[in-house]
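Participant: The primary structure of each chain is shown beneath.
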Amino acid sequence: MKFGKCFLTVIIFCAGFAAAALAADPKAGRYDSVYAQEPLTSKNLKDPFSRAIAFPFELLKWPMDKGAVLTEKYRIDKKAKWIYEKSVEYGVTPHLDSMDTEPFPAFGATFDMVSLARRKDDHPDLILKTAVRYGPKVFFQVASELGKQRILDTGFYTSGIFQYEMRENETFYGIGPNTSLGDSTSYKKETTSLGIVGGYEFSPVWNLASKFVYDHVNIGNRAHDGKGDIRNIFAGQDIPGLYGDDLLGYSLGLTRDTRDSKDFATRGSYQKLLFKFTEGVNGSPARYFTYQVDAAKYFRIASPRRIFVTRIFGESNDAVNDGTVPFYNMTKLGGSGTFPRLSQTERAFVFNRFYGKSAVLFNLEYRYTVWEYRDFKMSTSFFWDQGETSKDSWAFRLKDLRESYGIGFYVTYAQNMLLDFSVAHGDEGTRFYVKNKLPF
Amino acid sequence: MGKRMKKTIFFGMLGGAFAAFLCASATALAAGDLEKTGKNETCFYKDLFDQNVYSEGVNQIDLGRWWRRLSGKKLASANVNVFDEVPDSAFFTNRQGRQRLSAQDLEKGYSETSGPDMSQPLVVTKSEHEGVQPRFYVKDAKGDTYFLKFDSVGNLELATGAEIVASRFYYAIGYNVPQYTILRIKADQIRVAEGALSWDNSGFKKPLNQKLLQEYLLFLPQTADGFYRASASKILSGENKGFFSFESRRKEDSADPVNHRDRREVRALAVFSGWLNNDDVREGNTVDMLVAENGPTFLKHYLIDFDKSLGSAQNAPKAPMVGYEYAVDFGETFKSILAFGFREKPWQKKWRAADETASVSPAVGYFSNAFFDPARYKVQLPYETSRLVTAADGFWAAKILMSFADDDIRAAVKAGQYSDPKDSDYIAKTLMERRDIIVRYWLAKASPLDSFEYGSGKLSFRDLAVEHGCESATGTSYRAEWIGRDQEGKVLGEVRSSERAITIPAEWIAGGKDAEIRIRVIRASSKEPKPFVTVRLNASGVQSIRHAD
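Chains G and C, in that order, give the protein sequences. Per this note's numbering: the first sequence = residues 1201 to 1640. Per this note's numbering: the second sequence = residues 8 to 556.
What the hints contain is simulated information worked out from the structure, not anything from laboratory work. Keep in mind that this is a model prediction, so the values were computed, not measured. Note that beta-carbon positions come from the ideal geometry of N, C-alpha and C, so glycine has one too. Heads up, a few of these hints could be off.
To be verified - To be clear about the criterion: a stretch of chain C counts as covered by chain G if any three or more of its residues have a C-beta under 8 Å from a C-beta of chain G, and this derived list gives those stretches:
| no. | region |
| --- | --- |
| 1 | 44-52 |
| 2 | 147-155 |
| 3 | 162-170 |
Claimed, not checked - Quick list of the computed label-pair ranges, beta carbon to beta carbon:
| no. | chain 1 | residue 1 | chain 2 | residue 2 | range |
| --- | --- | --- | --- | --- | --- |
| 4 | C | R142 | G | P1263 | 26 to 32 Å |
| 5 | G | F1304 | C | R142 | 36 to 42 Å |
| 6 | C | G233 | G | E1302 | 57 to 63 Å |
| 7 | G | T1241 | C | E351 | 46 to 52 Å |
| 8 | C | Q67 | G | N1616 | 29 to 35 Å |
| 9 | G | P1263 | C | E351 | 38 to 44 Å |
| 10 | G | L1408 | C | D362 | 36 to 42 Å |
| 11 | C | R142 | G | F1621 | 36 to 42 Å |
| 12 | G | P1248 | C | P536 | 32 to 38 Å |
| 13 | C | S533 | G | Q1586 | 53 to 59 Å |
| 14 | C | R394 | G | V1611 | 21 to 27 Å |
| 15 | C | A508 | G | V1269 | 53 to 59 Å |
Could you build the full structure based on these sequences and the hints that come with them?
Facilitator: What follows is the structure, encoded as structure tokens:
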């Protein structure tokens, strides 16, 4: 009897189990959860050693992930974009410019007073702008412009300009092509400018502009990085303009620009011709003509993804009537050639490396797209810069040509420059650049 | 019945119930742990950083990965059963692959309701923007909540059609997806709930009112008869626990014992997404829901958001490089750097051939099979799971694709409700061609033999490559090798047949032992040794099947 009860218990138990099993999967067979090795277990994703060496990167990943999630969760990216767009719409355009000598970028804003006063619709051609820019340890600039963009619905335009600029640390290595990098010093340049601009815009391509500007220039001597005073380092040399000047400048410039983008062109060209006469006043001996040509052409090599760029730049400052050309207004070569620096592109050399009354510069660059995703692009560039300055006007010698060559990676969004990482090599070593602009 | 007998029956039933509980526990979860588990949060930026920056870097210091690369050893999927199939789970349910769905089922897809109840105006409870496109969370007369996504101006039917069609295919393949339906709605059929908020393109929330809603609608295209067209996804029931990782399992989920990297159905997403041209398969487009279906609570794993499938990039036709390169593709970029700009990538050739026009028609977008290569198809982020797809995984996926007959594809595409029959015909035709390309690729890469049966001393099987017209039966033969289990893989015997049935010598399975038989296909058209499939066999039949990885 006892055995019978036990047997019945077992039968009912088995029946219950079988019913449960059938209920779980009525179609036994090919798709059953029957595995070669039961039960299923998870294998380690990595071996212990690989896990250990990846651990420091995990510590980096965590805050990045949290930051990314918070950015999207609180729509911080959208908010930032909206704030930027609204600020431009209301007349405040922020600026950010990377600098080659300082880790922090230069920043600032242009204030369009007409838009700020919400009168843009009533006065679409009125120019009333103020701009402030500051690059820590490099420069401070404040500028204002008042004028009209189109006079009587013609291409004529005119404006009055005022600008104050302080450049804290402009390097100087002497004048001419054969100066030494070791003879390095710096000066402080403070310029106050007042002038008027007038011109005619024939079309979006052609523009003729004339300028009459008064500049008050103060030069302060300042040692940098423990190096000596400009007057001691270059003692006995005639360096005009060392104590500043009051200058009147008259210029006429003609520009033709057919590029498809000013930031990152893939076709077209530009040509700029400038003729300028500068005369010192209030006892300044400065008196010289400036002739400048700057032209670049962007060739597509059977594809918009392969661009060959040639650029030629030439400038000469010719003293007249025993006048002088102040050293700070001479043509300068060196560096990336982008704002806030004022020297022309010769990338293997430090900015302002060569000063001269005249300069010629050739830039060749082959840019080709290596990555594209939607509107983002990365291009690789091989570049070659060849240029020289001369102590006197048009006194160039082939042996004084200095060359730079290198490679760059440019990231753009819809033909707007986002990042330029370049490395250039030349006689004076190798230089790296991280910028958000291209020189041409 | 005596008291003792009742006691016996009671304890017997109790035992049975306990056994049933144990059985259910094997497939369900320790619900207590799961309820406490946190919500995994992700977003596109996180996915992009994790995959394109972090993983791409850290993978380079994974010694096991390097060893696999150098030795050519593949990492087999860990969740396949003895018949080399993926059993049903909270991730995947064998549907079309197990039994061909009817045209009605394919067209209907996953369905809880027939769509929002339009007997009363839909009530917008929340609105958000993607670009200028508004999207609404709405409640219908039945109290169900739906998420409405619309087409963009100039591309009516593009995103909504793609989402609906892709959801039908993913569901038929076996994945869990929410219910998606096409909704045609007029401006007066939608009103704003009290206290509703809107997150517009500014990123700031603001109160939503009827006037603002009407302004939002101005940015949406209308059909010729004045309707707005939306894809309405029914909000999933259960507790949202966030995304599921494509790499690791949730440790607290006892019903999910395998790391997701080693799940065949997760790996095969790369194959299916190649078919459906869905480059937006990423962790952010998955969701785990804590649900109770017929018993204890468990985590159900869903795929969501399919509006970047077929030729759609949500608000516009697909960009030409999509499907060919990762968002940031270090390998392709490096090759391009070395080629000095003179390497034309496949997508660039295709783009040039298409006269740089990204649209077959506004409703289709940029979708064609020109320069489509299943081996090179890439979703936008470089998930390791996509790179680990083995020949066996690909073969499994290809079998499921083969189960979609032309009529099945047409039925699922019909769900997109394209107004121009030419558009639905084009999409269906492109999917059919792409299915064939993918199937041909994987059947060549893996042993194409399937459905093994043993009886009357013969091992019979199907040659899917021949059946699918990829290879000719003429000149094809099959070689069975008897592998010694104790002699380190030594071939102990060999039999050949030109038929899809091989007579197995009696001594191979003599003594009740299992025989391990490796079967290779020999084609007259190819001298290359084909991959094999290993069948374990005894007198009672086929015990296991395993395609070589």
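Participant: For every hint, state whether the structure bears it out.
Facilitator: For each hint, the structure was consulted:
{"no.": "1", "hint": "44-52", "verdict": "holds (count 5)"}
{"no.": "2", "hint": "147-155", "verdict": "violated (count 0)"}
{"no.": "3", "hint": "162-170", "verdict": "violated (count 0)"}
{"no.": "4", "hint": "C:R142 x G:P1263: 26 to 32 Å", "verdict": "holds (30 Å)"}
{"no.": "5", "hint": "G:F1304 x C:R142: 36 to 42 Å", "verdict": "holds (40 Å)"}
{"no.": "6", "hint": "C:G233 x G:E1302: 57 to 63 Å", "verdict": "holds (60 Å)"}
{"no.": "7", "hint": "G:T1241 x C:E351: 46 to 52 Å", "verdict": "holds (48 Å)"}
{"no.": "8", "hint": "C:Q67 x G:N1616: 29 to 35 Å", "verdict": "holds (32 Å)"}
{"no.": "9", "hint": "G:P1263 x C:E351: 38 to 44 Å", "verdict": "holds (41 Å)"}
{"no.": "10", "hint": "G:L1408 x C:D362: 36 to 42 Å", "verdict": "holds (40 Å)"}
{"no.": "11", "hint": "C:R142 x G:F1621: 36 to 42 Å", "verdict": "holds (38 Å)"}
{"no.": "12", "hint": "G:P1248 x C:P536: 32 to 38 Å", "verdict": "holds (37 Å)"}
{"no.": "13", "hint": "C:S533 x G:Q1586: 53 to 59 Å", "verdict": "holds (58 Å)"}
{"no.": "14", "hint": "C:R394 x G:V1611: 21 to 27 Å", "verdict": "holds (26 Å)"}
{"no.": "15", "hint": "C:A508 x G:V1269: 53 to 59 Å", "verdict": "holds (57 Å)"}
The structure fails hints 2 and 3 (numbered hints given earlier, in ascending order).
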